[in-house]
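A.B. asks: Residue numbers (our numbering), protein chains in the order written: chain A, 76 to 203; chain B, 76 to 203.
Be aware that a few hints might be false.
[Unchecked claim] To give an idea of the interface, some chain A residues facing chain B are shown, with a C-beta separation under 10 angstroms as derived from the structure:
#1 T81
#2 S88
#3 R90
#4 A137
#5 W139
#6 L159
#7 A168
By construction, these hints were calculated from the structure, which means they are not laboratory data.
Bear in mind that the values here come from a model prediction, so they are computed numbers and not experimental data.
Built from N, CA and C at the ideal position, the CB exists for glycine as well.
There are 2 protein chains.
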Amino acid sequence: MELEKTLKALGDSNRLRILNLVMQGELCVCEIEEILGLSQTNVSRHLNRLSVAGALKSRKNAQWVFYRINDDFMSEHPLLVEYLALSFEKIDACRLDTDKLKNKKASGTLMQCWSDTDRKNGKQKERC
Amino acid sequence: MELEKTLKALGDSNRLRILNLVMQGELCVCEIEEILGLSQTNVSRHLNRLSVAGALKSRKNAQWVFYRINDDFMSEHPLLVEYLALSFEKIDACRLDTDKLKNKKASGTLMQCWSDTDRKNGKQKERC
DNA sequence: TGCGTATATTCAAATATATGCATATACTAA
DNA sequence: TTAGTATATGCATATATTTGAATATACGCA
Chain A
76 MELEKTLKAL GDSNRLRILN LVMQGELCVC EIEEILGLSQ TNVSRHLNRL
126 SVAGALKSRK NAQWVFYRIN DDFMSEHPLL VEYLALSFEK IDACRLDTDK
176 LKNKKASGTL MQCWSDTDRK NGKQKERC
Chain B
76 MELEKTLKAL GDSNRLRILN LVMQGELCVC EIEEILGLSQ TNVSRHLNRL
126 SVAGALKSRK NAQWVFYRIN DDFMSEHPLL VEYLALSFEK IDACRLDTDK
176 LKNKKASGTL MQCWSDTDRK NGKQKERC
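Work out the full structure: start from the sequences and follow the hints.
C.D. replies: Take a look at the structure:
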């Protein structure tokens with residue numbers, strides 16, 4: 076049952092926190108790692124779980140892997156996505172994570188990873 | 076995290092099947108048992124899990140316990156409830172269960188339990 | 001090629017969850 | 001009071017899930 080699989084994948088606080096972040100824009104594993112304060116191995120596994128459930132998709136850029144919401148998931152589960160978005164706004168942990176994401180983006184301290192273009196242009200403070 | 080608790084409780088196919096039935100109207104444990112073909116002990120435990128998560132509430136009538144959707148749950152999670160309702164319509168197992176529920180109601184073969192009023196009035200084929 | 005970094009995966013252990021069997025508790029009728 | 005029925009719960013077990021440590025794989029640079 077797909078519904079069971081989806082809900083089971085979402086039934087974990089860390090995965091919900093990840094989803095909250097990724098719903099605000101594509102992120103690299105290392106970025107999620109830093110914001111949530113989870114181990115790399117754990118983040119990787121949670122991301123995989125969400126991907127297998129169809130919620131996320133990834134692309135690779137050199138050794139960096141970026142994850143973002145799967146458009147199919149959005150179009151197949153609009154009500155669920157909306158429900159989650161509204162729920163995240165009410166959850167302290169998610170709000171703190173979101174604040175942290177915004178602060179790091181604003182201060183440019185979130186850049187372990189960067190695009191080839193940026194690096195070639197010597198723009199070390201930006202990311203693709 | 077409440078969201079995690081809710082989604083985790085829903086992340087089980089049997090519990091989803093139960094929710095599908097109960098969303099169509101109040102049911103007694105023995106009725107759910109019969110329609111789903113699960114053991115009494117198992118049904119009881121699933122019902123408890125859903126109740127603890129806030130989705131269901133129960134009332135007792137003699138030795139019979141009737142479960143129905145918790146109104147608070149409906150009003151606190153309208154989008155989720157709608158999402159689930161739409162999802163159940165697309166799931167074969169849930170549709171079969173629903174058919175079974177309707178057939179049994181129509182044929183009056185679903186009546187292990189009945190209200191005191193009905194029994195006193197000798198209306199053995201009806202339930203409150 | 002060797003080294004450093006990022007990420008996925010393996011292995012092992014701990015924890016959570018689901019279920020069957022047996023039983024306790026609640027209720028009703030004779 | 002006894003017997004029958006409905007339901008919840010205890011106990012034990014099997015299975016699923018989660019996580020840390022270690023490691024394999026991919027990539028870039030000197």
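A.B. asks: Are the hints correct? Go through all of them and say.
C.D. replies: The hints, checked one at a time:
1. A hinted interface residue such as T81(A) counts as satisfied when its beta carbon comes closer than 10 angstroms to some beta carbon of chain B; here the least separation is about 8 angstroms, so the hint holds.
2. For S88(A), the shortest C-beta to C-beta distance to chain B is roughly 5 angstroms, which falls under 10 angstroms, so the interface hint holds.
3. A distance limit of 10 angstroms between C-beta atoms decides the matter here; for R90(A) the minimum to chain B is near 9 angstroms, and the interface restraint holds.
4. Against a cut-off of 10 angstroms between C-beta atoms, the interface hint on A137(A) is violated, since the closest Cβ of chain B lies about 34 angstroms away.
5. Proximity of W139(A) to chain B is violated relative to the hint, the smallest CB-CB distance being about 29 angstroms (cut-off 10 angstroms).
6. For the restraint placing L159(A) at the interface with chain B, the shortest Cβ-Cβ distance is roughly 8 angstroms, inside the 10 angstroms limit, so the hint holds.
7. The beta carbon of A168(A) comes within 7 angstroms of a beta carbon in chain B, closer than 10 angstroms, and the hint placing it at the interface holds.
In summary, the structure is inconsistent with hints 4, 5 from the numbered list given earlier, while agreeing with the others.
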